[in-house]
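**Student:** Sequence:
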Amino acid sequence: MPRSEEPCEGRYYTERVKLVVNWFRFINKITDITIFEYDIVIEEFIRKSWKPVDKNDRSNYFWSFVRYNERDFGGVEQVVFDDVSQIYSRNKYKTPMDFKMEMMVGRVKKLFRMRVKFAASFDLIFRRDNHMREEAVSRSCKFLKILMTQKARYIPHNNETVEMEFSSKFVTDKSSIFYIPRAEADPKFSIAPCVEAWLGIYIAIRETSDFDPVLNFGLIDRLFYQLPRPDKLSALEYLMMIITEDFGNSGKRERFMKKLDAGEHSMSEEQRKKALNILRDLKVKSPLIWDSEKGRMIQRHLNIVEFAKQNAVNYIINYENKMSLEYIYREIGSPLRYPTLPLIKCKSGKKTYIAPIEVLNLHETPQRFKNLLDFNMKTRFIKGATKEPTDYVTKSKLFLNMLEFDSRGRNFLEEFGISPKLEMIECPGKVLNEPMLVNGENSRIPLTKTIRGYREKMLNVVPEKDLCCAVIVLCKDEDSPPCVTQEQVRAFYVNLMRACNERGVRTFNNKEHPDLPSLMKFYAKVTTTDGPISFLNAVGDAKNNFDELHDKEKKQLFLLIISNRDYEVYGQIKNVCDTMYGIPNQVINASTVIKAINDYPDVNERFEEVRHSKIMFNLVLKINAKMGGINQEIGFSENGEVSPEEKEKRKSEPLTMYIGIDVTHPTMNSGIDFSIASIVGSVNRGGTLWVWYKSAVLAHKVEELKDVNGKTRGSRSSGVEKTDVLGNKFIELLESFAENNHNRCPSNIVVFRDGVSDAEMLRTAASELKAIKDEVRKFQESRSAKPIEPKYCYIIIKKRHQTRFFKRNGNAEEYENPNSGTVVDKKVVSPYKFDFWLISHHGELGTSRPPHYTVMENSMNLTKDEIYKMCYELTFLSSRVRKPISLPVPVHYAHLSCEKAKEKYKALKKNTMRECSREIIEQKLQPNRAYPGMPFA
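In my numbering, the protein residues as written are 285 to 1221.
Note that these hints are calculated values from the structure, not bench results. We put the beta carbon where it would ideally sit given N, CA and C, even for glycine. Hints are not guaranteed to be accurate.
Stated by the list, open to error - Subject to a maximum C-alpha distance of 20 Å in a straight line, what follows is the list of computed PhoX-like cross-link-like pairs (lysine-lysine): (1) K654 <-> K557; (2) K558 <-> K401; (3) K376 <-> K401; (4) K335 <-> K401; (5) K795 <-> K838.
Claimed, not checked - Simulated restraints, written as ranges between beta carbons of each label pair: (6) F659 <-> K805: 44 to 50 Å; (7) T1196 <-> K606: 28 to 34 Å; (8) E538 <-> I600: 30 to 36 Å; (9) N598 <-> Q1207: 45 to 51 Å; (10) A1050 <-> N1212: 16 to 22 Å; (11) A808 <-> N1212: 55 to 61 Å; (12) N1212 <-> R1047: 20 to 26 Å; (13) A669 <-> S452: 50 to 56 Å; (14) I311 <-> N375: 56 to 62 Å; (15) N375 <-> I601: 45 to 51 Å; (16) N902 <-> K809: 40 to 46 Å; (17) K667 <-> P571: 37 to 43 Å; (18) A669 <-> E577: 28 to 34 Å; (19) S452 <-> F383: 26 to 32 Å.
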């Protein structure tokens, strides 16, 4: 829908601010430029016929053809290449063109040809005001990204000194350019042995409110394999670094190598798994690869697939006579130093080879790391990639200057008449008033400046039932110790109960153990596998013990489950607790327990003097929400005292229901082969109580993802955002809403949708709104003769983008994140849609990523200010923290529900041998109706 032209009302805002954004204008007008597009085919003459050259080699051959036939192309800088099959130029060539030339490949001269055919001509256009132009806009954006990255992708001749120096600094990946760190001081950081994060710039094409195309340069970090040193290219060295967890201390590797030399060490299964997670798909090369068909050693470039089960001693070759691979290498004069290490299975083209790892050398070209990250790798990456605003701006400027868009060497931009202005665009912002948060007594809670956090001790609404805990400590199997000791559990539990009491959560005195309030039973060692002390049996026993309590009506059973992250049983736990029994529960990592204990010097100190850590406070917030409590409220408290007149007035006031929808798709290593959608809905007037009844398994087309060996390693969705999550499921949310609101239906329904691409926005909004309206109509017709049509507001939120806003901190060279509540709705927004940026949280660490909001329908007739205010207030209602978060809680809760459903499905898939239907899977993903609160909290 179009943006309203009404002016903003000053009463909604505290101040206006000047910001800069990482969008960059062009110096000249670029929309009147005509571009000619050509298809090209590059082939090699092999065995009396022409064969297409490998995709990885095309760019090298293409630029050789262009330099040799420069007059035909009008100059090297007059053409750009997408490195696959299209070239672009401002010149109209006489086509078809056919070129042939001989080139050296290694030490052999080979014949190649390149054929050029006209494809299309188009004027650069970036205005999206007409859907008929979408294809033309997409083509223009594609060309512009190719042009912006061409200098970094150009492969120069050996005598082009300047170009050789430049190209050695950068590597490209789609629309991103990365700086190759060759010196010790270059920007990079390690997240695992052999794996580094490199700094880069992501390029996107945007459009300002005055219809001007602009460049969005976003600073990013991506993972690459560490570049091998020129004097040591061994894959074995990488393997040793991984096994010994060596980040540069060669002493560890040397000691390990000595053990291998002495025959005292081999690789365990755990070490193989760990190493393969890093080495899989790594490009290597070797002149000593045994080819069984040819019966000799050959030279090959390969990709690592997996470890073979055999080593060189017991791997037998059937060639003339049976002999081991170790014997063959000894016979050719290259005896293996470590024949007992497992062999490596590699792939070159469609052919598979088996090779000792010590004969493999790493490829010199930069390689992206795309394998699964474990928890420690993720933690190191997040920490290393975090950049404070000033650091972000400074590095962005340095990087853009290094790209030399307008300086020496080949200047493709200049030849195409396009020049970016390397200055961030200034844009106005305005800071919303802080919302009126209240405590349980309807008194206003003061907020801190800038961040707008709140330090109210007591929670607004706590369950009337006493907390009744069963503590379950997991171990891997019967022969393994529990993940924490009983003393650690006791210290942790005592302080957690004290924190609960201090925040208002009700506990009861334990007569048998006075120092352990609310503890019903303690399970000191429970296995994650089947057996007499299995997790399933422990939960069943806890439920039976609770049911036998004479006063169970006054208590609420709650499970505290302590586990190790590497047990990988989160989905299994949630399937048992949430779905099977409907018992509220909290999974706590063993490292979190130990960290929390260290916050307390003495667990026996007086209750009044205990200073609770952030860990304990956050756990109390989750416990209260999962038991059905309310942690914070805006405007009024559900349980606050009001006059009889006010109660009657509230019964007739219009009610608003908030809906959140999110979809998660299969990706590489995600462990799921379906797209999963979740829908959550508020059920009370204040939007503080939510239900999640349905996660839908979507019937998307799923594409298998195969590794270089042709082995399936995962899957991904076709990317279509079609969701039937609403089909016959939304009624259940409406029923819950009516039950909690004196049998009344909502007068207004606000839908927040996440995970929709620009191309799918209109179709998704139209189809989902129609589905919601049909469900509402059916629900009302079943209850009343005169259904009342609610009014709607449908908002799509996007988080995956590279736009960043900065506020100058007095000094022109110092920047900080915008304050919480900053809205940007001018200059860097669409001229056709009602969209805006809202920085709801103030980033204490790093640079804030502002969500982008697009209003697709507003039959509620809310003003711009009212929409901004509504979205902002909803970011304060997260049950997990006491400050605003980056997203409104509807999409936040929908995302949490999706992630939980994904983990439950992975566990279900792992533990169920038979194939389950879509309907059965959906049933098993839903939380039990007996669950008292919000399972996603």
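**Student:** Does each hint fit the structure? Answer for all of them.
**Tutor:** Comparing the hints with the structure gives:
no.	hint	verdict
1	K654 <-> K557	holds, 16 Å
2	K558 <-> K401	violated, 49 Å
3	K376 <-> K401	holds, 11 Å
4	K335 <-> K401	holds, 18 Å
5	K795 <-> K838	holds, 17 Å
6	F659 <-> K805: 44 to 50 Å	violated, 30 Å
7	T1196 <-> K606: 28 to 34 Å	violated, 44 Å
8	E538 <-> I600: 30 to 36 Å	holds, 33 Å
9	N598 <-> Q1207: 45 to 51 Å	holds, 49 Å
10	A1050 <-> N1212: 16 to 22 Å	violated, 34 Å
11	A808 <-> N1212: 55 to 61 Å	violated, 27 Å
12	N1212 <-> R1047: 20 to 26 Å	violated, 35 Å
13	A669 <-> S452: 50 to 56 Å	violated, 24 Å
14	I311 <-> N375: 56 to 62 Å	violated, 23 Å
15	N375 <-> I601: 45 to 51 Å	violated, 57 Å
16	N902 <-> K809: 40 to 46 Å	violated, 27 Å
17	K667 <-> P571: 37 to 43 Å	holds, 41 Å
18	A669 <-> E577: 28 to 34 Å	violated, 46 Å
19	S452 <-> F383: 26 to 32 Å	holds, 28 Å
Hints 2, 6, 7, 10, 11, 12, 13, 14, 15, 16 and 18, counting from the list given before, are not met by this structure.
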